[in-house]
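*Asks:* Here's the letter readout for the chains.
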Amino acid sequence: DQQVKQNSPSLSVQEGRISILNCDYTNSMFDYFLWYKKYPAEGPTFLISISSIKDKNEDGRFTVFLNKSAKHLSLHIVPSQPGDSAVYFCAASLNYGGATNKLIFGTGTLLAVQP
Amino acid sequence: NAGVTQTPKFQVLKTGQSMTLQCAQDMNHNSMYWYRQDPGMGLRLIYYSASEGTTDKGEVPNGYNVSRLNKREFSLRLESAAPSQTSVYFCATRGGSSSQYFGPGTRLTVL
Chain A
88 DQQVKQNSPS LSVQEGRISI LNCDYTNSMF DYFLWYKKYP AEGPTFLISI SSIKDKNEDG
148 RFTVFLNKSA KHLSLHIVPS QPGDSAVYFC AASLNYGGAT NKLIFGTGTL LAVQP
Chain B
5 NAGVTQTPKF QVLKTGQSMT LQCAQDMNHN SMYWYRQDPG MGLRLIYYSA SEGTTDKGEV
65 PNGYNVSRLN KREFSLRLES AAPSQTSVYF CATRGGSSSQ YFGPGTRLTV L
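Those sequence lines, one after another, are chains A and B.
In our numbering, each residue carries its 1-based index in the first sequence increased by 87.
In our numbering, each residue carries its 1-based index in the second sequence increased by 4.
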């Protein structure tokens, strides 16, 4: 049972345009949602997160939107740059009494930003 | 300040051999994790450690053991490697807002 789904394996956009990456989830107990960026042969890098009690979080060119009724979140990158080309993973956090948490990852979306 | 470091970067094993993957962090975080990433799949949790002296199973623990040696170090051991354990292994620590910080990974091939 896949609790976090990224249905688009790949996305191609032109430099300067908006990139929108989507993610769906099934578990209402997730307390945070996160986006990670991964380049080949490197570890995932934390990009941005949003609490389950918020509906929007913005950090520079990156904005994450959360729609709890639809169990859907999206990452917007504006404007897109060639250096943004990478695999983007959506992840959802399950908190265990504050001592630790577990992250459940989607399968990733490969973003290609064309110059 | 190295963050999360992993050794080795690459390893090739024969079926049945054993090895230990090492992870160390200098971020003073309590929680540490081991994940594996396979093609077309997201990262899957193998084991985690909420604090020094505690470890728990994740989603895919079979065939692995872990040791939380101290606050800084968390190792993953394959006692008898199998081809199904060919993967990229990532260690991570927990930061703020439930974020986790990852090491560069160990690429393991089991023949």
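To be clear, the hints were calculated from the coordinates, so they are not data collected in a lab.
Glycine included, each C-beta is placed from N, C-alpha and C at the ideal position.
Any given hint might turn out to be false.
[Stated by the list, open to error] Just some of the chain A residues that point at chain B, by a computed CB distance under 10 Å:
1) GLN89
2) THR132
3) PHE149
4) PHE152
5) CYS177
6) ASN188
[Unchecked claim] Here are some chain A residues the structure puts well away from chain B; computed CB gaps all over 10 Å:
7) SER156
8) LYS158
9) GLY195
[As the list claims (entries may be wrong)] These stretches of chain A come out as covered by chain B in the derived footprint (C-beta under 8 Å, 3 or more residues):
10) 97-110
11) 133-141
*Asks:* Next step is simple, just say for each hint if it's right about the structure.
*Replies:* Evaluated hints:
no.: 1; hint: GLN89; in the structure: holds (9 Å)
no.: 2; hint: THR132; in the structure: holds (7 Å)
no.: 3; hint: PHE149; in the structure: violated (14 Å)
no.: 4; hint: PHE152; in the structure: violated (17 Å)
no.: 5; hint: CYS177; in the structure: holds (8 Å)
no.: 6; hint: ASN188; in the structure: holds (5 Å)
no.: 7; hint: SER156; in the structure: holds (22 Å)
no.: 8; hint: LYS158; in the structure: holds (17 Å)
no.: 9; hint: GLY195; in the structure: violated (6 Å)
no.: 10; hint: 97-110; in the structure: violated (count 0)
no.: 11; hint: 133-141; in the structure: holds (count 3)
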